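Given the coordinates of chain A, assemble chains B and C onto it according to the supplied hints.
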Amino acid sequence: MTDKIPIQMTVNGRVRAFTVAPQKTLLDVLRDELGLFGTKECCRVGECGACTVIVDGRTVDSCLMLAAEADGAEVTTVEGLADNGRLSALQEAFLDRGAAQCGFCVPGQLMSAQALLAHTPHPTRAQIEEGMAGNLCRCGGYERIIEAILDVADGTEP
Amino acid sequence: MNSQGVGSSPHRAGGYDRVTGLQEYVADIRLSDALEAKLVAIDCAHARIVSIDTIEAASVPGVRLVLTAADLPQPVPRFGPQASDRPVLAVDETKYHGEPVALVAAETLEAAEEAARLVRVEYEELPAIFTLADALAPSAPLVQDTSLRPNDPLAATNVFREHRVAWGDVDAVDADLVVDRSYTFPMVTHFPIEVPAFIAAPDGDGVAIWSSIQHPNWLQKILAKLLGLPLAKVRVHAPDPGGGFGGKQHAKYEPVVAFAALKTGRPVRLVLSLEETFQAMRRAACETRVRSGFKRDGTLVFQDIQANYLIGAYVDIADRVVGKGSYVGAGPYNIPAVRIVARSVLSHTMPSTAFRGFGNPQVNWAVESNLDEGALELGIDRLEIRLRNLARRGDAFIPFDTPADGDWQQTVRRAAQLIDWGKPLAPGRGRGIALGVKSGPTTGLSYSIVRLLVDGSVVVYAGTSDMGQGARTVFAQIAAEELGAPIEWVTVIMGDTLVVPYDQQTSASRSTVLMGNSILKACRSIQAQLRSMAARVHGRPESEISIDHGVIRLADRELPIVDVLKDGLGSLGGELIGTGEERKVAEAAHPLGGAPAFFEFNCTAIEAEVDGDTGDVTILRHVTVSDVGKAINPLQVKMQDEGAALQGLGHTLMEHYIFDEGGRVRNLGAIDYRIPTSMDLPHEFVSEIIENGDGPGPYGAKGMSEGALLCVAPAVAAAVRDATGAVIRDLPLTPERGWRALHG
Amino acid sequence: MNDFSGFAYARPSTVSEAASLLAEYGSEARLLSGGTDLIIKLHNKTLRPRIVVDLKRIPELRRGISEIDGHLSISAATVMTDIARDERIARYFPALIDAVSVVGSVQIRNRATLAGNICNASPAADSAPPLLVHGAEVLAASVNGTRRIPIAEFFVRSGVTTLRAGEFVTAIELPLPKRPIGAAHMRRSRRRGHDLASVTLCCGVDESGLTRLAYGSVGPKPVLALDESGVLADPGAPDEAKAEIFESMFAGASPSPRSMRASPEYRLAMLRVLGVRALRKAIERLEKGRAQ
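Protein chains in written order, with the working numbering: chain A, 1 to 158; chain B, 1 to 744; chain C, 1 to 292.
Read the hints as simulated data drawn from the structure, not as lab findings.
Worth double-checking, as some hints may not be accurate.
Taking lysine-lysine and the DSBU-like style, the derived pairs with C-alpha atoms no more than 35 Å apart in a straight line are [what the hints assert, rightly or not]:
#1 C:45 / A:4
#2 C:221 / C:178
#3 B:225 / B:263
#4 C:288 / A:24
#5 C:178 / C:242
#6 C:56 / A:24
#7 C:288 / C:221
#8 B:233 / B:221
#9 C:242 / C:281
#10 A:4 / C:41
#11 C:242 / C:288
#12 A:4 / B:263
#13 B:295 / B:225
#14 A:24 / C:41
#15 C:45 / B:263
#16 C:288 / A:4
#17 A:24 / C:242
#18 B:263 / B:233
#19 A:24 / B:263
#20 C:41 / C:221
#21 B:521 / B:233
#22 B:521 / B:221
Remember, it's a predicted structure, so these values are computed and weren't measured experimentally.
The following block holds chain A by itself, in its conformation from the complex:
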């Protein structure tokens, strides 16, 4: 009855197939099954955004999604942002602007920023603040993160 379920998903461009117990979340599977530790676990109630990944083009809290729900989906994690070792514009901007302090929230921040810019390439500051509000940063790096996103949006980040 609680047999493992066969699942297939494309993660960072690679098709991954495995079986998973129904109660496992997408976060569990990314970390424990696929060894992608970049996506982090913190609050487990969908409040902090440390577990944010992109599923079929939209950000989700992967702690609130059963792995089974992602069957057939395209998933992008922080490990999928760089292109053959070349950092994305956002990743570079985060470094240039000092957006990573302890860094623990940064993978989630990057995924939310990525999705925000994909949908709204030239966001206002208010739109960025609103769009990023699901990613908590206790180190208080929001100003730096917002500046990094604006750099990319304005095209000032090469």
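Showing chains B and C alone in chain A's frame:
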């Protein structure tokens, strides 16, 4: 010479790993054959444990160990940085909501969680003390076992210790105006996004630990003592923590995990939930009564302060917080008579520990607010009254102690300028300004090793913990500057007690100064070796040879270090090794154990708007100016100041624990404990620094990163009063509380 | 192997398949749509179902937002993000946009469904007040067929609706307004960032002068009240007259003294503040709508 050296802002060392997901935090480390652990606690603040039945739990498939106090060495070992009061697991009694009574270790986390649910604890709920009033009531039940403090007259009370600072005679001074008010500061929690995680594994005849700890050497010492092992057999790996803020300074569950590992013979891994994290670390709440005496012209003639800090059931480092925080409680002002009585008061709550600001924010909230109340009654401008009383450089504002070590007037004037102090404001808006000082480290010991390899690349070993403040980068910059290496050629090794030499701790904003100086010394030792190498290779007297960062100067020419190194090391190759020791000796007679190495000084100014109908406070402009001596990495300094300011806004506007009648925490977890999000930023955030090169650290640096938190609350409340007339003396200033203050 | 948190996972592809599963498993089944409420409860073990039924692969429930017979039909698997971006919702039901735009963060809104929000039946559910003001209907299906439930009869108390055993929501329908209406939704929370609401309120004013006020988080279920006097809808009416009407409309409020989020006094005071503000905005929207 080096564009990425001191004073510039190269990319954060470890930044690449953080933006690619490669950075390894403790929870990302997977040891093969590790057991997963879960703690068992009861839903009670204070309880007598009648029995613990582990049979059902132990028979869950996959469970390898159910550990209770009965399974530990007897009497159950206790530990703690200030008092060895905290048992590895609760013994006979739990003293705070969340105190673990058992640990389960199993092959999978599900099995451990299931078994943890099946541990049957029979307990009797006892009255819980969780407010100051209850703790200080004459007939209050005692939180701590009296046997832990023999010969201590306070042992019959819940006051752990009383700290007194006094000079002049407060009772004999004449004042034209006395303002006597009380203020409260809430109990708040650190909420690092990386929850604490611990791994312990048998390691030959010793043990290896991985922990998100800020003080690896301190943890090593505690574990060695608890386990009866020599230090060299206790290896502490301390990966960069994901935020600490003081909450990860001291041992928590490493001891119980270590015992579990040794009992099972296998690695044991424990990752706390966020709820458990809230039950493991917090800031002391505080009630402060301030009586300030003024002359008519606003001069402070006395300051009489009583601060009662509510600490947890186990002391942790909380009493030190109280002592150190209250020591400069009267503020950076020249005051002829001061009396400060600060008490650490025990309660049936989770241990309060270090938290950015270390006891200062609580008293500063009260003192700066009281100063404003005095200014308003006297009709004196709130900026003016501060400048009038502010200590000047060199003033012994605390008699016989470290004098004021900065041009603090400059900091304050700059903040006032940036907030447009004195300019007219639209109706419904107000301005506030507050300043504060915090003592840097009072003792210190940091060793470092620097290796200059044959090709000019550098390895630095430093035991500081880089938890976001960017210590790695700062150290790399210092080495790059001194040894002429490009910063990409400098590797900084931290976080392994078997490899990295001793560092006392990462706290008190000390590391740039203490470890920085240590690294500077190690580099200078290498420079000396290079000079003597150059003298030998080129047949010149050493006196003719100088080194200026990456270049060796002989009488007739300049050579890059690498050339001298290669020639000097010869065909066998090799490297040059330098060691540095930076020691700040303890002073037994000093109430803090030593005079502060420097002060962090900050001035914060706020412009705010208040919605009179709802109580919402909008921060229109938040100005923070810090006196930092020298910014080794200006961007990192900005990052720290912004972060500290935001944490300050958290306890000012929204953060607090909520307890039920029995002392249980009601708002564990992220849904009902609110911290600032990106939508809670001030509309305009201005952070600046003052650099006068007047610090004791490398290139005139002082420590920083706590200052910008100190003054947020009083500055915001002052702006709110300026806007509405409402007087706020209790934090947090939530919309509801603002509304109540406005509508009575 | 022993599976402690074990539940089975089913992914039916039709409404009748889902209905059969519910009939078979009864209270041991839990429906999964967005998961933003359910997964938390599965994780902390407040719910331990035998089976979780994922509704998201049923094409009928994934239809999205469509105009049918003078209604806008929002299928059950439609997420808040899509509702917030829908042009027709923006045109006819901007108050619903106000509401769904503040349900949690972007990540939550990308998953949370309107159907799930009402079935969770939190008294603080942001979607409830606009649905009440606009007279929505809930379409429910079971092995016994389908049923329409007026939203005003849907909520009972926290976590409890009038759905019968074996029933689940397939769509929510909003009748397209027959005459111009202006409505606005507002709420109170503890911070600007996403938060659970401590007071929710939606005010709708239509051309005939009828004002509907729905409010939540001040009692076990959201309340709908009507003002047929025309006083609230009249921009020229004196504030005192309006205040009196508001008082009678808020008589249904009974906030819990046990709440951590806000005290009863504050909630009741904020009801009045939000009432005035939402009314003002509703009238603005009505006038703007008339002008177009």
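Now for the hints, and whether the structure bears them out:
1. C:45 / A:4: With a Cα-Cα distance of about 20 Å, the restraint between residue 45 of chain C and residue 4 of chain A holds, given a limit of 35 Å.
2. C:221 / C:178: Holds. Residue 221 of chain C to residue 178 of chain C sits at ~28 Å (cutoff 35 Å).
3. B:225 / B:263: holds (17 Å)
4. C:288 / A:24: Violated. Residue 288 of chain C to residue 24 of chain A sits at ~50 Å, over the 35 Å cutoff.
5. C:178 / C:242: Given pair residue 178 of chain C, residue 242 of chain C holds - Cα atoms ~26 Å apart, limit 35 Å.
6. C:56 / A:24: Holds. Residue 56 of chain C to residue 24 of chain A sits at ~18 Å (cutoff 35 Å).
7. C:288 / C:221: holds (32 Å)
8. B:233 / B:221: Distance ~11 Å between residue 233 of chain B and residue 221 of chain B Cα, so the pair holds.
9. C:242 / C:281: Roughly 15 Å between the alpha carbons, so the hint for residue 242 of chain C and residue 281 of chain C holds.
10. A:4 / C:41: This hinted pair holds, its Cα atoms lying about 21 Å apart.
11. C:242 / C:288: Distance of about 22 Å is within 35 Å: holds.
12. A:4 / B:263: holds (33 Å)
13. B:295 / B:225: violated (55 Å)
14. A:24 / C:41: Distance of about 14 Å is within 35 Å: holds.
15. C:45 / B:263: holds (30 Å)
16. C:288 / A:4: violated (56 Å)
17. A:24 / C:242: violated (54 Å)
18. B:263 / B:233: The hint holds at about 17 Å.
19. A:24 / B:263: Measuring from Cα to Cα gives roughly 30 Å; hence the hint holds.
20. C:41 / C:221: holds (21 Å)
21. B:521 / B:233: holds (29 Å)
22. B:521 / B:221: holds (26 Å)
Violation of the numbered hints given earlier is confined to hints 4, 13, 16 and 17; the remaining hints are satisfied by the structure.
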